[in-house]
Amino acid sequence: MKNMTKVNVGLDVGISSAGWSVINAETNQILESGVRLFSGSDADENVNRRNQRQGRRLFRRRKLRIQEAKKYLENVFQLKDIEPKDEWNPYEIRVRALNEKVSKEELSIALLNIVKHRGISYELEDVTDEEGTNTQSFQSGLDYNRRLLKTKTVGEIQYDRLQKYGQVRGQIQTEDGLLINIFPTKNYVEEVERILETQKKYHPEIDDVFIEKIISFVTRKREYFVGPGNEKSRTDYGIYRENGETLDNLFEILIGKDKFYPEEYRAAGSSYTAQIFNLLNDLNNLRIPTTEDHHLTKAQKEEIITELKNTSRLSGGMLKLISKVTKAPKEEISGYRKDEKDKPDLHSLAYYRKQKNMLEKEGIQIADFSEELLDELATMMTLNTEPGEIRKQLNKITNQYDILTPEVIEVLVKNHTAFVATSNHKWHRFSLKLMKEFIPELLETSKEQSTILCERGFIQNRASYLDENHHFNYAELRENLYNPVVRKSTCEMLKVFTAIQEKYPNIQNVIVELPRETNEDEQKRKIKKINDNNAKRKKEILKEAQAQSGLSEEALEEKLLKTKGLYLKLMLWYEQEGKCVYSGQEIPLSDLLQNKGGYEVDHIIPISISFDDRLCNKVLVRQQLNSQKSNQTPFEYMTTHTDGHLSFHELKELVGKNKRFSKEKRELLLAEIYSNDIETRKRFINRNLVDTSYTARIVLNALQQYKKENQLSMNVSVVRGAMTNILRKKVKLDKTRETFHHHAIDASLMAVIPNIEFFKERKEWLPKSANEEVVEVEVSEEETMPEKEFKVKMRLPESFIQDVQILQRNSFAKEEVSGPQTRERNLKIKFSHQVDQKMNRKVADDTIYGTRQAQLGKDKKEETYVIGKIKDIYNYDEYVRFKKRYDKNKESFLMYHHDPQTFEKLEEILAQYPEYIEDEKGKKKKVSPFALYREENGPVTKYAKKNNGPVIKQLKYYDSKLNRKIDISHKYSTKNRQVVLQSLKPYRTDVYRNQDTGEYTLVGIDQNDGKFVNGHYGIPKSRYEEIKANNKLSEHDEFVFSLYKNSMVKVIDENGESIVVRYLSRSMPNRKNNAEIKPVEKYQFEDGEVVPVYGKCRKQMQTVFVKKGWTLLKGNTDILGNTYFVEKESENPKKMIDDK
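Residue numbers for the sequence shown follow UniProt numbering, beginning at 1 and rising by one.
Note that these hints are calculated values from the structure, not bench results. On a predicted model such as this, the values are computed, not experimentally measured, just so you know.
Computed list of lysine to any residue pairs in SDA-like fashion (alpha-carbon distance at most 25 Å, straight line):
#, residue 1, residue 2
1, Lys186, Phe210
2, Lys338, Asn658
3, Lys1128, Glu999
4, Lys186, Leu196
5, Lys942, Lys956
6, Lys538, Glu577
7, Lys708, Pro754
8, Lys763, Glu781
9, Lys763, Glu787
If you anchor each label on the Cβ, the simulated ranges turn out as follows:
#, residue 1, residue 2, range
10, Ser334, Lys298, 19 to 27 Å
11, Lys361, Gly938, 44 to 52 Å
12, Lys150, Lys298, 56 to 64 Å
13, Phe59, Glu303, 55 to 63 Å
14, Asn506, Asp677, 35 to 43 Å
15, Glu437, Asn3, 51 to 59 Å
16, Gln136, Glu302, 42 to 50 Å
17, Lys309, Asp236, 40 to 48 Å
18, Lys495, Ile530, 28 to 36 Å
19, Arg147, Ile366, 35 to 43 Å
20, Asp1139, Arg478, 28 to 36 Å
We put the beta carbon where it would ideally sit given N, CA and C, even for glycine.
Put together the whole structure using the sequences plus the hints.
So this is what it looks like as structure tokens:
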């Protein structure tokens, strides 16, 4: 039923949540609010899936390569089946084959070993540490390999390490440094050539054709820029397109197109045109005090470009050069970006100068290269990284450019990295065509790119975010929202808005806040870092305050609790090193603690224009100076008033010496701005009030299109979290992230913004216009409002404050209050969890497990055990795992049963060597006893009469009995041993109820139970009958409903007590009706928390879900959190398929 009340809607969008609230636009009462919760997308998962696919592809190709090489060797050498003997070591054979005869079988094993492990296709100089750790040691290891390769083959190096350390692959940490098993393919080829040159003397089958064929097996590799497919089997995933087109490079289609000229590809970031364009755009943003209009003239820009093109090294940076050309002091030049180190960030033709220096070293002048050639070189070398392909592409254009002689081409190939942007911006957002059109105007005028785009009519809402029915087109939105996290949360938010608009057609205002983090892990890390820093800072503050005041910890804490606002003043006092920022005078702590009115907290930039109530915009100052400064900026105050305070130059010195100030506070204190300046106000509105980010522009455009097409009269704005923070303080609500309620509370605060007196007078929260490129904000031209007046006009309506406090109180109420239903009692936050019903997800963990048959301990017969592994007995952490298992049950190790003499040798080492050593300073250092043994005697080896057994590094053990699994033995050549995947992923739980007894049975269905049959995913009926039989269902058990991850369930016990929980999945399949559940309103239960029906809980609540005499009701919840409970859902479960 539609409600025609005039309403405001607030939407607080998080990474995995969308809080919403609807308030009466006239009375400010909250009508309803809730939170939509869903699993946030994670870009890292995409990377993981890509890596998995890449791994599978490489494995298939390697398998095929080895099979073909093996077949070829068997044919040439007339061998039946090449299989290595136990005593053969391929590394030893490779070394021996360099100088003496080996058998055909041995030679085949050596060659197949090289074909299997053939190294990297590029040079050691280009190798990077993918883990990002131990970089210096990693590079030293590569340098060591490079030196060894001058005198040894790869096989000789590897065999030497195998003998010394019992290991070849991976990394080996030695006293002398890190040994790394990374070698270029070309060195393996050199080894093959040496081996075959020797062996051709003994085996007539080896000729030049044979050698060439073997080398082709070692070197063959699909070029990265070709992709899958070929001339006969075309696919749009490679260069051989299905439309018959053949590309030079697959990456051409990945560059992207200029959205203003959709037929044009984006330009390379290092192209000459892009560099000139970026430079001019930066120069036009500068404010220069020595010019008439405070902008650079055309002549000055030309002089700067000439200087940059003619210099080899930019000494002193761009500001020094601009200062030299304009005669303006560097300190007075403004309007430039700053990097993360707070340094000026201006484009400077850096790539052009790098190319110039490189060419001049080779005796070539860059002036001889046309702009078109430089642009083409940048594109070519950004697309291609292989020298051979670059050479091929350069040869194709020699007829267009006379300068491209064979000698010049070799120089360019050799130094191709000079033409590639090293930043994340390898490709510019614009095409060469557009930039070449804009460059003359950028040079002639002081306009920057956005202004020119607007004036030339390029900026307009090209994308339509609605379908033909005037509903949101989510496919188009996803196409334009590049971040997968923002993409999902934005679409969920718009679905919530659509549901609200259907119920409340008369929406007056919509205010949205978007997420700032990119994934849930980042959000958790950020919150943890903030909390840790706050705790650390508080400890430091109290310690210094105690030392200076002489108060005990208890007395100081008591004073802080009793005196409102004192802790904030104490924080600022500590941060300012006990000095008043405006006067530079000391603030005695005793005076601060006793003289309440003597010192005040001032907003550095008046809050009425900055909308910034963070600590970084606050300072502690003397009361009289705060009154003098009033609603001015520090720069404005210190340059217009002369008495009683520091000069602005002295303020700079004070700020420069203070190491406790944050970067943001330094910038605000030293900002040379005026409070009434329109551009200043606009910057602060963009920074702290109106969100003008790319995602915000998409959301604004989508909502405005929806408003226009559906003929609505609502105002739309996207605001930043800083405003919500200010309003939350007004209502005195603490933000707790332990539950999901705060999303709805924040949405309520946003919904009331248009009804606050300040924003009724000044429409600064509402953008004047918005398009794909720019959000134009409203800026008031009135005088800066004094802070006291701002506080009065920012007061929230009383009726709203009452409602939001009721909402908070009701949401956290532990028990239902009996009595008549009233609006106040019904004012609760509703929750809607996205239920995951999707089939064809990940079926199990990636780890592959081996198994063995064994009868251990209390086993009455042989059981199938999963095999675990101690990966490295010399590593201390792995040794701890070994020792823990050894102390618990040493019989669990396979070696104990199958090689007792070697196991006894391990026990002797444990008895003889300690678990720690003392360093030079006498400190104990934990170490594996096996590592100490290795230092004295070499690696631990298996028992042998001559003590020359194989090296031991790993130990296998019987881990646990095999339970639920996916058998993948058919993929491996195992004899009577299963190879399995474990940790099967659940799909859903089907609930059955016995018609005679009323008892429930939970039937777990795994993702692996689903199959793709006749074009559809589903559960085969035959498999479903097996599952039912395993759960011992009878004909009296009837299906009632299916539960998926995050399904709502109302559980009622035999006494009528009830609780609504979130169902996750069946757990512990061997225990009947065991399941994992979570609360509806928060992520998890607290340890020891007591709840209805289940009593005391644990965080990970795995329990008997339903007992005899209990009743289950499934809750079907719409997107706004309205839940409808049912006893029975349907006669039969869904997604069943006939597999006959």
